[in-house]
Amino acid sequence: MSVRVLATAEPENFRVRVVIRLPRRGAGRHQPAPRPVVDIVIPVHNQERTLQAGVRRLHAFVHSQLPFSARITIADCASSDSTRAVARRLVSELHGVELLPISEAHRGRAVAAAWLTSPARVVADMDLESQADLSTLLPVLAPVITGRSEVSIGREHNLLHRLAHRARFGDPHRGFKAVRAEIARRLIPDVVDRSWWFDIELLERARRAGLRIARA
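Residue numbers 37 to 252, in our numbering, belong to the letters of the sequence shown in order.
Just so you know, these hints were derived from the structure itself, not from any lab. Remember, predicted model here, so these are calculated numbers, not experimental data. One or more hints might be untrue.
What the hints assert, rightly or not - For each label pair, taking beta carbons as the anchor points, the in silico distance ranges come out as:
| no. | residue 1 | residue 2 | range |
| --- | --- | --- | --- |
| 1 | 88 | 114 | 18 to 28 angstroms |
| 2 | 84 | 182 | 32 to 42 angstroms |
| 3 | 100 | 184 | 17 to 27 angstroms |
| 4 | 228 | 137 | 22 to 32 angstroms |
| 5 | 248 | 117 | 34 to 44 angstroms |
| 6 | 128 | 244 | 41 to 51 angstroms |
| 7 | 243 | 172 | 16 to 26 angstroms |
| 8 | 71 | 140 | 42 to 52 angstroms |
Just so it is clear, CB atoms sit at the ideal spot from N, CA and C, and this is done for glycine as well.
The task is simple: from the sequences and hints, build the whole structure.
Okay, structure coming up:
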């Protein structure tokens, strides 16, 4: 409430006007964070030494280079060191960073849990240890965000070539991959492997379903 006093030179004409400004509807209440366009999931396990630098590097890039809102979710896979404490500190210091504790040390389970519960339109993931080239992030995300594809992978994956030629897979976790959230929710329940081969099985199911898979 504010009080405004209006006075003239004559005491008998002294007037007081009380102006009450009501708070805006919903002001003072906790406002939910806006729905992010992209949720980038980082599964980690006992990575106390590399987590802070890796997340800060990604956070700085995301908020300076991406033309849309993005969230970073740290999915901690039952770390036994101080990884979770480092993650909590990052959440408290950096806007748009969240922590998702996972009770088992399985990468695929962490990614699946984070993607299935994400509010974002597009879900993505990256391996903190891979030192992925961040300049490839936007080219990976763009086809999915614009609707040109349902799934997109970076060149580091090199999975489509290997799938087509039935060759042995290399490291399936290098670089980025992105999926439309509704597609992820449709595919993940059928994925059997929730550990090391989660990525490969997910992409193979997407290929067999005839989904458009872009390669950045």
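Taking each numbered hint in turn, which are not upheld by the structure, reported in ascending numerical order? Those not satisfied come down to hint 8.
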